[in-house]
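**Student:** In case you want the letters, here they are:
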Amino acid sequence: MDYMIELENVTVRYQELVALEDVSLKVAPGEFLALIGPNGSGKTTLVKTILGLVTPAAGAVRLFGKPPQQLNGEWKRVGYVPQIAQLDPRFPIRVFDVVLMGRYGQLGLIRRPGSGDRKAAWRALEQVGMSDLAQRPIGRLSGGQRQRVLVARALATEPELLLLDEPTTGVDVGTTEGLFNLLEALNRQGMTILVVSHDVGVVAQHVDQVACLNRQLVAHGRPDEVLGGEVLECMYGPQAAFVGHGDFPHVVVQRHGPQEG
Amino acid sequence: MVEILGYTFMQRALLASVLIGTVSAVIGVYVVLRGLSFIGAGIAHASFGGVALGFLLGINPLLAAVVFCLLTAWGIAWTSLRAEVKEDTAIGIFFASTMALGILVIGLMRGYNVDLFGYLFGSVLAVTRQDLWLSLLLGAGVLLTVGLFFKELLFITFDPEMARVSGLPAGALYVLLLSLMALTIVLSIKVVGIILVSALIVIPAAAAYQLTEDFRRMMLLAVVVGNLSAVVGLFLSYWFDTASGATMVLTATAFFILSALLSPRRRREQV
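Residue numbers (my numbering), protein chains in the order written: chain A, 1 to 261; chain B, 1 to 271.
If you're looking for bench data, these hints aren't it; they were derived computationally from the structure. No residue lacks a Cβ here, since even glycine has one placed at the ideal position from N, Cα and C. Among the hints, a few may not be true.
Cut-off 27 Å, straight-line C-alpha distance, at most; resulting in silico cross-link-like pairs (BS3-like, lysine-lysine) [claimed, not checked]: (1) A:Lys119 / B:Lys151; (2) A:Lys26 / A:Lys76; (3) A:Lys119 / A:Lys66; (4) A:Lys66 / A:Lys76; (5) A:Lys76 / B:Lys151; (6) A:Lys66 / A:Lys26.
Stretch by stretch, here's where chain A covers chain B in the computed footprint (C-beta under 8 Å, at least three residues) [as the list claims (entries may be wrong)]: (7) 15 to 28; (8) 123 to 135; (9) 166 to 179.
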């Protein structure tokens, strides 16, 4: 079977700090995988390693069966939504121009975007419900709107594989729900999706695979199989407990006693 | 005003000023938005070593400066892409050592060299025919390259990591951007002076940044401010007999203060 993403025993170090340790993960075509884990657990590092932005100290990374450095023309098969913090909201640029950047890679050097590229950008903006704000400078958007611009830019590439790094940070519940509904629809049309999130409740309702990361891969499987004690401990420490409430699980974290400070 | 344009040196200086005002402003937009002004100052100081060596070897000092500035730009780009030394440390090393080389070379050329110090502080009188042709060639080359790689340069300035993931050669484009910056610096040093040249790159773009939230409009406004600063500065320096580079930079600073006061950005961010 040809996997979209393959990580074999990947270890990543930043100087002395071990960010990822012996992580092996395979993502098959058509999968919708959520990567969850506490802050500093290496989720972003994992995404950047998949994309070849971070070079592992040990292990092998393959994207569409090749090391990311050898991907060349195949980068157009990948859509990437970086963390919102990576975007400078004071940069003088309009929403549409940001989304159009999703086409630049496949256009190649020097060539200008044509009507097909513009159409793809519009379609992407409509998918995230932002076409009304196409001419708005990004400095005049809310955090949630800016987040959707980044998703639209990745969709404008018309990728087979979509990687999203915390796409719901600082986003209200309605927008989060809307985004995950969109991702679910795209997945049903055949797009392979890997989404980094810390929102276990939302993730559990939408994705078909969950991987829990805390420097090492703690668990990987269907949400109903995996989201038990082990994952909770990975996410919130040993004091946490799951409470079933209606359809979706809630997490309750026990207060630390006074003896623990 | 018309009769001073009768002087050949003034015609050359005016042409050079328009060229500098335009090219510096265009490159300045990338420098301001990507935060490269320290690199600009570093490359400018490196040109001093080139100019001094040019004098020593009897080569056109500007041509020697082109080589020095390009090598410095590539050195800085290489260091920052490999990330083995912190970028600002690397710039600090290049900055001081090429300047030191220049000073050493001056020492080798018996006595004080007035021409060489003209390069440090800039002089309108010093622009020769040959200098003007070289500047025109460099300026046209820089503007043409920016035109060709407009979308790529915007992309690596806005989001370098995403540019890389989209499959564009982001590293090579960064080297290209720093090379364009080096050439812009060389074409300005005769008039503006090595010490102040990076100011004329940064200030018009910074003024334009205050006034708009659209990239193309920012570039256009930077060119307007850059030309006004260079040309108004040139005439002021002629009338008051002041150093041309310093007068241009202070004129640009006045435009910057004005635009900061008028800035819709500032008004909004205060709310």
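**Student:** Quick one, are A:Lys76 and B:Lys151 close enough, alpha carbons at most 27 Å?
**Tutor:** Holds, at roughly 17 Å.
**Student:** Closer than 8 Å Cβ to Cβ for three or more residues is the test here. Does the region 166 to 179 of chain B pass it with chain A?
**Tutor:** Three-residue rule met by the region 166 to 179 of chain B, so holds; n is 4.
**Student:** Is the straight-line distance between the alpha-carbon of A:Lys26 and that of A:Lys76 27 Å or less?
**Tutor:** Holds: A:Lys26 and A:Lys76 sit about 21 Å apart, inside 27 Å.
**Student:** CA of A:Lys119 to CA of A:Lys66, is that 27 Å or under?
**Tutor:** violated, 31 Å
**Student:** If you draw a straight line from the CA of A:Lys66 to the CA of A:Lys26, is it 27 Å or shorter?
**Tutor:** Between A:Lys66 and A:Lys26 the Cα gap is close to 13 Å, so the pair holds against 27 Å.
**Student:** Residue count check for the region 15 to 28 of chain B against chain A: does it reach three with CB-CB under 8 Å?
**Tutor:** As far as the region 15 to 28 of chain B goes, the hint is violated, because 0 residues have Cβ atoms under 8 Å from chain A.
**Student:** Going straight from one Cα to the other, do A:Lys119 and B:Lys151 come out at no more than 27 Å?
**Tutor:** holds, 18 Å
**Student:** Please check whether the region 123 to 135 of chain B has three or more residues whose CB lies within less than 8 Å of a CB on chain A.
**Tutor:** violated (count 0)
**Student:** Straight-line Cα separation of A:Lys66 and A:Lys76 no greater than 27 Å?
**Tutor:** Roughly 14 Å separates the two Cα atoms, so the pair holds.
Checked against the numbered hints given earlier, this structure breaks hints 3, 7, 8; the rest are met.
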